[in-house]
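Peer 1: Next come the chains, spelled out residue by residue.
There are 2 protein chains.
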Amino acid sequence: MQSIFNHLRACHDRSLAELKAYLAIPSISSDPTRASDVEQCARHTAQLLNAAGIVDAEVRKTAGHPVVTGSWLQAPGKPTLLIYGHYDVQPVDPLELWEHNPFEAHIQDDTIIARGSADDKGQLFMHLKVVEAFLKVRGRLPVNVKFIIEGEEEISSPSLPQFLRDHKEWLKSDVVVISDTSMWAPGVPAITVGLRGLSFLEIEVTGPARDLHSGEFGGAVANPAEILARLLAQVKDDQGRIQIPGFYDKVRDLSPVERAEIARVPFNEKAYRDELGVQALWGEAGYSPLERAWIRPTFEINGMWSGFTGVGAKTVLPAKAYAKVSTRLVPNQNPNEIAGLVEEFFNQRAPRTVLVKVKCHAGGLPFEAPLNSPYMTAAREALREAFNYEPLLIRAGGSIPIVAEFKNILGIDTLLLGFCLQNCRAHAPNENMYLPSFFTGMESLALMLEKLGS
Amino acid sequence: MQSIFNHLRACHDRSLAELKAYLAIPSISSDPTRASDVEQCARHTAQLLNAAGIVDAEVRKTAGHPVVTGSWLQAPGKPTLLIYGHYDVQPVDPLELWEHNPFEAHIQDDTIIARGSADDKGQLFMHLKVVEAFLKVRGRLPVNVKFIIEGEEEISSPSLPQFLRDHKEWLKSDVVVISDTSMWAPGVPAITVGLRGLSFLEIEVTGPARDLHSGEFGGAVANPAEILARLLAQVKDDQGRIQIPGFYDKVRDLSPVERAEIARVPFNEKAYRDELGVQALWGEAGYSPLERAWIRPTFEINGMWSGFTGVGAKTVLPAKAYAKVSTRLVPNQNPNEIAGLVEEFFNQRAPRTVLVKVKCHAGGLPFEAPLNSPYMTAAREALREAFNYEPLLIRAGGSIPIVAEFKNILGIDTLLLGFCLQNCRAHAPNENMYLPSFFTGMESLALMLEKLGS
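Protein chains in written order, with our numbering: chain E, 1 to 454; chain X, 1 to 454.
Everything labelled a hint here was simulated from the structure, so no lab data went into it. Small disclaimer: the values here were computed from a predicted structure and weren't measured. Mixed in with the good hints, there may be bad ones.
Unchecked claim - Restricting the straight-line Cα-Cα distance to at most 27 Å, the calculated cross-link-like pairs of lysine-lysine (DSS-like) are:
hint: 1; chain 1: E; residue 1: 236; chain 2: E; residue 2: 250
hint: 2; chain 1: E; residue 1: 320; chain 2: X; residue 2: 359
hint: 3; chain 1: X; residue 1: 236; chain 2: E; residue 2: 320
hint: 4; chain 1: E; residue 1: 270; chain 2: X; residue 2: 136
Unchecked claim - The following residues of chain E were derived to be distant from chain X, with all beta-carbon distances above 10 Å:
hint: 5; residue: 2
hint: 6; residue: 6
hint: 7; residue: 16
hint: 8; residue: 17
hint: 9; residue: 37
hint: 10; residue: 57
hint: 11; residue: 62
hint: 12; residue: 63
hint: 13; residue: 64
hint: 14; residue: 136
hint: 15; residue: 239
hint: 16; residue: 324
hint: 17; residue: 334
hint: 18; residue: 439
What the hints assert, rightly or not - Cβ-to-Cβ under 7 Å is the rule here; a few derived chain E residues that face chain X:
hint: 19; residue: 200
hint: 20; residue: 223
hint: 21; residue: 316
Just so it is clear, CB atoms sit at the ideal spot from N, CA and C, and this is done for glycine as well.
Build out the structure end to end from the sequences listed, making use of the hints.
Peer 2: Dropping the structure here:
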């Protein structure tokens with residue numbers, strides 16, 4: 001393995017230069033005006049696969065943004081890994097909070113800062129470089145690999161399930177490997193064994209047919225912003241329990257053993273508070289902060305707007321008020337069922353002075369990983385050797401909806417090996433990747449391939 | 001008077017052309033980027049005064065936007081009217097709801113549509129044309145007039161009180177005349193005898209130090225948008241009563257006679273609902289819709305924003321949430337006192353998981369007019385003759401804070417003669433002025449001057 005490590009280490013500077021070029025493409029999948037950038041990023045991803053030695057790399061059309069595939073299958077009798085990643089990124093607003101252009105990667109304090117550096121171009125790129133190292137140094141990989149790299153993860157992968165169904169035979173593999181999660185801390189590797197699901201909705205409250213002068217009409221007609229605030233305020237009680245009827249019905253409560261495992265994770269509440277910049281944490285009564293973020297479903301307001309939001313004063317009684325909201329789901333909640341319950345809640349509570357419309361945007365199933373597979377074992381060993389630290393088995397509050405689809409459609413379990421840090425600012429301004437994790441992470445991935453091949 | 005009427009009628013087309021040029025200046029006082037347009041509009045106003053025959057018209061500097069003045073004082077022994085108006089206008093957003101460019105006046109169905117057509121350039125312009133008619137036809141006015149035309153009414157006139165104090169001697173007059181209110185209906189003139197005051201505030205709720213991934217952190221940290229919604233939802237009870245301690249303490253309840261006067265106004269609830277486009281009205285229990293809009297204080301959300309408000313889904317837990325809110329005040333509430341109570345309410349109810357800041361933007365005192373002055377009598381007679389309809393004595397829910405300042409600083413009462421219609425869409429897209437009211441209104445103003453001079 002030393003020659004592989006040597007090769008990876010010799011390539012650090014070139015790898016960073018290539019990564020910067022990759023991060024420079026503003027592949028924001030949710031923004032229709034960025035469609036050609038997303039398309040260009042797909043082609044760039046295929047070129048990176050080619051450069052790594054994957055000669056059959058291909059950009060494949062879908063109903064939405066393309067999927068990029070490629071494979072190396074010359075290790076008969078050895079396991080086949082399906083390596084998944086995504087080349088699309090989140091929007092960048094609020095742009096003014098970025099310290100540098102989000103698409104001109106900036107390196108500072110051993111950290112690369114750019115949109116996509118952690119989620120997920122940076123982590124996907126690690127796999128490409130590991131494959132390249134084996135193929136350059138040895139001319140072969142210890143195992144078979146297939147790549148499936150999509151461009152719609154940040155909009156909940158609308159086209160990927162159909163792609164999985166259409167290419168079921170080609171995609172046949174032993175395990176899915178995804179690096180789109182985080183480590184526990186610098187030097188403390190982790191495998192993510194649970195993910196929450198998602199149901200994302202938009203609520204539109206319509207009051208009067210047009211914006212009104214709040215002096216002339218204020219007091220005599222319902223204000224949709226006020227109705228929206230009152231509806232949103234009814235979602236949780238003072239203990240943080242969600243009041244939507246049926247919301248908790250299918251939640252599988254964790255066993256005392258599972259809760260004890262979470263309690264063993266070294267969690268520093270003060271550091272967590274400081275990192276988030278809050279005076280006090282808050283959440284559902286009866287659960288620890290990690291449990292609230294990992295194994296409890298929740299309801300969040302992601303955006304809200306109504307009326308005049310410019311500089312100064314404008315005495316308007318708005319015609320409309322909007323909120324974007326999302327629930328995070330745990331086993332065995334179903335995103336479609338939950339979306340229906342949320343919709344019903346808002347419709348039933350809406351007074352007849354306004355019109356409430358609820359639109360479902362996106363959803364994803366929750367996930368739990370099997371803890372005793374040979375792939376899990378190899379991954380734990382590889383991480384321990386590379387980082388010299390026994391990896392934690394953690395969970396994550398976020399969603400990778402496709403993980404459930406891999407299980408449902410292809411029948412394959414997923415191994416979630418993440419290398420960004422918890423404060424990598426995914427989805428937020430100044431997203432970043434800590435470079436020591438990036439480089440040591442590549443070595444751990446190389447070790448895992450070697451172990452799975454022997 | 002017939003020669004005055006003839007002159008006014010002969011000038012209809014020229015008046016409209018001049019009005020269009022006046023409305024074309026985007027004098028949005030709340031927008032710092034429009035400062036030069038506001039300045040230009042002040043100069044244009046002075047030119048209009050000159051053209052009307054007011055030779056001493058002058059643009060006068062203030063700490064903010066300029067005040068335009070002018071006078072004609074050659075009727076010794078006759079009353080002196082102080083005619084007030086404002087040349088500034090509201091912002092135009094949401095721009096996409098305008099059927100035409102808000103600054104290119106469009107005439108359709110006997111109505112002129114443009115920002116400022118009703119509030120207040122259009123109505124101010126009527127006074128200029130009436131003065132012009134007298135000076136062109138007779139070479140003199142029946143009374144003395146002074147003009148005071150400001151450019152900060154839509155931002156609550158921050159500089160005008162100082163201007164009144166600085167020019168107290170010059171401004172000495174018998175009555176203030178303002179046309180910045182509305183008629184009751186087409187053909188039904190009205191004098192506004194009461195106005196609500198205003199206290200406008202902005203609330204900022206700060207949660208985490210940056211936007212967070214709502215999957216990773218949702219459930220474990222307070223969401224400022226949720227806190228804001230919960231705080232706003234606490235402002236009123238289910239009966240529409242404001243729960244801010246002390247809010248109603250100084251409210252003067254109207255006498256049964258005063259309430260009976262309001263009940264005599266022909267109010268068609270269905271037409272009101274239809275015009276506003278709502279299924280049902282809503283407001284404080286125990287009061288009629290007109291009472292809720294005219295003589296009861298209220299609390300409205302004018303704007304609200306937080307997190308992601310773009311196209312599609314973004315799973316963010318926002319760092320900040322904002323609301324712009326305003327209270328409408330009635331005698332004897334004081335805007336500063338009420339702002340203090342609102343601020344205290346939000347600060348006291350804010351949980352320690354977030355930081356709440358309340359900023360006071362603007363305020364204005366409520367107003368009630370004396371009903372038995374010779375000016376009120378002349379105005380009622382003039383309106384009755386011009387419109388052939390006994391004018392209603394109505395109230396308005398909106399604020400003209402300066403009316404209280406005229407009383408406090410100069411000791412002068414104000415006569416509010418309004419000529420736009422109730423659905424003139426002041427402050428909203430497609431603001432308009434109904435031209436029959438505009439032209440007959442000029443004749444009523446001419447009649448009033450004549451009556452006051454005899």
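Peer 1: Next step is simple, just say for each hint if it's right about the structure.
Peer 2: Verification of the supplied hints:
no. : hint          : result
1   : E:236 - E:250 : holds, 18 Å
2   : E:320 - X:359 : holds, 24 Å
3   : X:236 - E:320 : holds, 20 Å
4   : E:270 - X:136 : violated, 80 Å
5   : 2             : holds, 37 Å
6   : 6             : holds, 36 Å
7   : 16            : holds, 25 Å
8   : 17            : holds, 28 Å
9   : 37            : holds, 15 Å
10  : 57            : holds, 29 Å
11  : 62            : holds, 17 Å
12  : 63            : holds, 16 Å
13  : 64            : holds, 12 Å
14  : 136           : holds, 36 Å
15  : 239           : holds, 13 Å
16  : 324           : violated, 6 Å
17  : 334           : holds, 17 Å
18  : 439           : holds, 24 Å
19  : 200           : holds, 5 Å
20  : 223           : holds, 6 Å
21  : 316           : holds, 5 Å
Consistency with the previously given hints fails for numbers 4 and 16, ordered from lowest to highest.
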